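Sequences listed follow chains A and B, in order. Residue numbering for the first sequence follows numbering that gives the first Met the number 0, starting at 0 and increasing by one per position. Residue numbering for the second sequence follows numbering that gives the first Met the number 0, starting at 0 and increasing by one per position.
Identical chains share a label here; the pair holds if one copy fits it or two copies do between them.
No farther apart than 20 Å at their CA atoms in a straight line, the calculated lysine to any residue pairs in the SDA-like style are these:
{"no.": "1", "residue 1": "51", "residue 2": "35"}
{"no.": "2", "residue 1": "12", "residue 2": "32"}
{"no.": "3", "residue 1": "122", "residue 2": "35"}
{"no.": "4", "residue 1": "12", "residue 2": "39"}
{"no.": "5", "residue 1": "122", "residue 2": "71"}
{"no.": "6", "residue 1": "51", "residue 2": "39"}
{"no.": "7", "residue 1": "12", "residue 2": "40"}
{"no.": "8", "residue 1": "40", "residue 2": "25"}
{"no.": "9", "residue 1": "15", "residue 2": "1"}
{"no.": "10", "residue 1": "5", "residue 2": "50"}
{"no.": "11", "residue 1": "12", "residue 2": "34"}
Please keep in mind that the hints were generated in silico from the structure rather than gathered at the bench. As the structure is a prediction and not an experimental result, all values here were calculated from the model.
Here's the letter readout for the chains.
There are 2 protein chains.
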Amino acid sequence: MDPYPKPLRHLIKELKRLPGIGEKTATRLALYILGDKRGLKEGLAAALEGIKQIQLCPECFNLTDQVRCTICTNPSRDASIICVIEEPSDILALESANEFKGLYHVLHGLISPINGIGPYDIKLQELLQRMRPTVKEIVVALSPSVEGDITAQYIHKMICDAGLRMCISRLASGIPVGGELKYLDQVTIASAIRYRRTVMEPG
Amino acid sequence: MDPYPKPLRHLIKELKRLPGIGEKTATRLALYILGDKRGLKEGLAAALEGIKQIQLCPECFNLTDQVRCTICTNPSRDASIICVIEEPSDILALESANEFKGLYHVLHGLISPINGIGPYDIKLQELLQRMRPTVKEIVVALSPSVEGDITAQYIHKMICDAGLRMCISRLASGIPVGGELKYLDQVTIASAIRYRRTVMEPG
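Chain A on its own, in the form it takes in the complex:
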């Protein structure tokens, strides 16, 4: 017989749906939530209600609770350069580097023939519609995987076919700063050699 009451079992079952949370962790979290006396239950419930306001920015498809996202509405951002990314969480990673000052475009996926995801299933046509003459550069910041490469090639072809003239770049691939050669995989090392930078010209 189950010694736990049904509502607790229900919470454990729902928590188990989260990624990386198994039976034991879900039970521990559920008992913690149940035993909490500092408003955790109410806080979580209010937060779950709150995220229902979140929608996609109609411009860049980033997450927002306003009409347009905080980056698209920021007048100090450079609208002539658009960085194409896979997921909204990539924006946080890129913003934390504090190096990119342009706008973003979130594809919400990558072209993946094996999973039946074609160019019309992600926000690629919406990217093409943003290609005004003021846009000078597209930075393709997709992960260096098969799907990332296919999607990057598609973007290249899409822009050429539309007769647009702009710079297309991809993020540099190579040794992470602070990384050690001996611990790196062969493909990364090969890429770092292929795309090596010239630091002094002869003469």
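Fit chain B to the given chain A structure using the hints.
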């Protein structure tokens, strides 16, 4: 500037209050909940609402959503033996062993002078009130720690002082089944030697 909308930040903040959940995991979980299309938000919110019905059984202080818990209301349980435990989650562990058929008593803590928890801060007086003449044995199933030992001694003294005559036992402490001697700590091995069982009498 934070690229995430405020409601998402709020959910991340609330998830971070859970034990073992840091900034990265909370962000991953919040984005997963946000992206889910199979009613996870609603399921979690309903489950959080549901656990508000959970209260303590007035008899044994186990968790229940009824007037009394499923173990206290089960007529096939042996009411003459009461197992004293620290937390409701200990019941699940003991029930899964399928060996104990009596009732439980949840203390909701252990006596801990260093943390300012005295005998009147946990459900010890409530245990004494359950000591009807029909109760023949108390199984003290508290963890073999300093606090567990102090609490066990207090229960012993409390029952003697009340002039009650019953058997008091503690869970056996020793080598876990399937455990290997070479990987066990010295205290457990010492305990296993001290409480060794006689398997054959001489002659």
